[in-house]
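If you want the building blocks of each chain, they are given just below.
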Amino acid sequence: MSGIVQDKKYRDRQKRKDFFITVFIAIFAFIWMVPLLWTFFTSLRPYSDVIQNGVFSKPSSIGIQNYINAYDRMEIWEYLSNSFIVAIPAVVLTLFFGSLMAFVVTRYSFKFNLYLLLLFTAGNLLPVQLVYAPLFKMYIWIGELFGNRNLLYDSFIGLILVHVALQMGFATFVMSSYMKTIPKEISESALLDGASVFRHYWNVILPLLRPPLAALSVLMTTWIYNEFFWAIVLIKSDSKRPITSALGRLQGEFVTDFNLLAAGAIMAALPTLIIFFILKRQFVSGLTLGSTKG
Amino acid sequence: MTTTAASTKTRRRRAFTRGDKFTLSMFLGVPTFLHVVWVWIPAIATIGLSFTYWNGVSLSNIRWAGLANYDTIFTAAPQFYDALRNNTYWLLWFTFIATPLGVLLAYQIDRKIRGSKIYESVYYIPVVLSLAVIGIIWKFMLGPGGLVQALLGYPEIERAIPIFSNYDINTYVILGIASWRHIGYIMLLYLAGLKSVDPSLREAAAIDGATEWQTFRKVVFPAMKPVNTIIIVITVIESLRAFDLIYIIYGTSTGWPILGMLVFVNIYGQAASMLGAAYAVILFLLSIIPIVFYLRTVFKDDVA
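Residue numbers (the working numbering), protein chains in the order written: chain A, 1 to 294; chain B, 295 to 598.
Think of the hints as simulated: they come from the structure by calculation, not from any bench.
In this text the structure is predicted, and so the values were computed from the model without any measurement.
C-beta: ideal position from N, C-alpha, C; glycine also.
Treat the hints loosely; a few may be bogus.
The calculated PhoX-like cross-link candidates involving lysine-lysine, where the alpha carbons are at most 25 Å apart (straight line), are [stated by the list, open to error]:
#	chain 1	residue 1	chain 2	residue 2
1	B	K519	A	K15
2	A	K8	B	K406
3	A	K9	B	K406
4	B	K406	B	K519
5	A	K180	B	K489
6	B	K594	A	K111
7	B	K519	B	K489
8	A	K17	A	K111
9	A	K280	B	K406
10	B	K489	B	K594
11	B	K315	A	K15
12	A	K180	B	K519
13	B	K594	A	K184
14	B	K489	B	K512
15	B	K411	A	K17
16	A	K180	A	K111
17	B	K519	B	K594
18	B	K411	A	K280
19	A	K180	B	K315
20	A	K184	B	K315
21	B	K411	B	K315
22	B	K512	A	K17
23	A	K15	B	K594
24	B	K406	A	K17
25	B	K411	B	K489
26	B	K406	B	K315
27	B	K489	A	K280
28	A	K180	B	K406
Derived, one-sided and incomplete: chain B residues facing chain A with beta-carbon distance under 8 Å [as the list claims (entries may be wrong)]:
#	residue
29	G313
30	P336
31	I403
32	I463
33	T465
34	I531
35	D538
Produce the complete structure using the sequences and hints provided.
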């Protein structure tokens, strides 16, 4: 009898506690959204309002005029397409190379497999600043060697290759952990059927890698889209800049019209937000595949 | 019977035809070439260059400098100590405030409180934004004419108070902004880990009369060991890698110096200085500990 009473008391206390926690988390979540909502609100009102009547004034008009201006004057569309011209091939190549490495390392027992995997994973974790100066020089020299200074420096190809080289380690690591869960028997039957290495990879293993490939492609698209350092270091021409590094310059140029800048920032954020809301599951599992090992 | 088994085995061993050997060497060779030439050779070259004087133009200009660059950094570059201090603040803040907050949020949201799916998404949103966008968004909050300025009673742009250049508070401001993203990131990782912890373990602890804190410390936390390691490593590496946000807020003015920025300002532009290479090496040395820690945790089963 007293047990039940105690139990009820305990449950009541728990309920009360849960209520407070929920309220706290809800308030916290609202605060979390304020910066983004405020930027969005700023992007919808004209700049003259803020100048004349201050920040908290009732907007004289709400509309997408700033977005139209950002599209016209900031060439946001061009920068956005630059981002995708870089991100899409970079993701495809990263996943292709990563799957090749993961395939060989987990399906064949060469002695150096583990060392290769270690090398790739460690390379992915190095601070990018350590690679910066010599790589930059290398790009210029290779360009001069082929008589085209902008072969790799200030070119999409050069930027894509840097992303591939650095991100490959993570892709290899995630896919090889995943592949360890695929039974060896599948490979053995392929080998007994006399399949070549290429067929073994292409027809047997690659179709099985669909879940990590889906997860990684979502995650890596956002990563490479958001990448900033290499985009400012390796791209000189303004017309070739991806959106993230272009924003750095635009905020200097349009510092006096921050409603316009807000519209630009929202447009830059939109692709990753859309990807996230549509493919949230893939995004989350891409991150956690890497961290919890399969 | 034994002969067939033996012949199968030889057949399998001979399975590498010349075509297969070629395929395998391409499969391994192309990615490895790209990775080594693009990442490791430049990394080693930076270490070498940190012991030289070089303006970054032609190779014939390189002069041996011994430890001179490091000597300059340690004795004649006050910025270095500012940067080291800021990176340390960043690390301490992330370790003792942002990361535990992310873990706490994950733990509470995992208990399926009402609307937990919505909260999850809300906290994830900053994780998918680029730091460039995050920097700009927070300038709208804190800069002249920003929401916070108005709330503090300075709604007019001309009367705005300095926040990013106020040395008494800018460290907290920067770290607060960085946490906006980091907390969600940690929460995401931890929540995924928590979902893999057997819920009956917690129920058993609750029935035995364990308090919430005891359950977390004695039951959940130990079960999350691999995720805990990853989170520690991510926290340390992110603190050392910090660059984008500072660049967007301060440009190259080193208004709030960090190591990653000192590398950049010394190398970027017309005349490079190998002080930048030395800064990069220092950054690398600091990163080795978390990298090794990570590799050891992740590849423990493979090595043993």
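Hint-by-hint comparison with the structure:
no.	hint	verdict
1	K519(B) x K15(A)	30 Å, violated
2	K8(A) x K406(B)	21 Å, holds
3	K9(A) x K406(B)	21 Å, holds
4	K406(B) x K519(B)	22 Å, holds
5	K180(A) x K489(B)	22 Å, holds
6	K594(B) x K111(A)	17 Å, holds
7	K519(B) x K489(B)	14 Å, holds
8	K17(A) x K111(A)	56 Å, violated
9	K280(A) x K406(B)	18 Å, holds
10	K489(B) x K594(B)	23 Å, holds
11	K315(B) x K15(A)	65 Å, violated
12	K180(A) x K519(B)	21 Å, holds
13	K594(B) x K184(A)	21 Å, holds
14	K489(B) x K512(B)	17 Å, holds
15	K411(B) x K17(A)	20 Å, holds
16	K180(A) x K111(A)	17 Å, holds
17	K519(B) x K594(B)	13 Å, holds
18	K411(B) x K280(A)	12 Å, holds
19	K180(A) x K315(B)	23 Å, holds
20	K184(A) x K315(B)	21 Å, holds
21	K411(B) x K315(B)	50 Å, violated
22	K512(B) x K17(A)	21 Å, holds
23	K15(A) x K594(B)	42 Å, violated
24	K406(B) x K17(A)	14 Å, holds
25	K411(B) x K489(B)	14 Å, holds
26	K406(B) x K315(B)	53 Å, violated
27	K489(B) x K280(A)	16 Å, holds
28	K180(A) x K406(B)	32 Å, violated
29	G313	6 Å, holds
30	P336	4 Å, holds
31	I403	7 Å, holds
32	I463	18 Å, violated
33	T465	19 Å, violated
34	I531	6 Å, holds
35	D538	4 Å, holds
Checked against the numbered hints given earlier, this structure breaks hints 1, 8, 11, 21, 23, 26, 28, 32 and 33; the rest are met.
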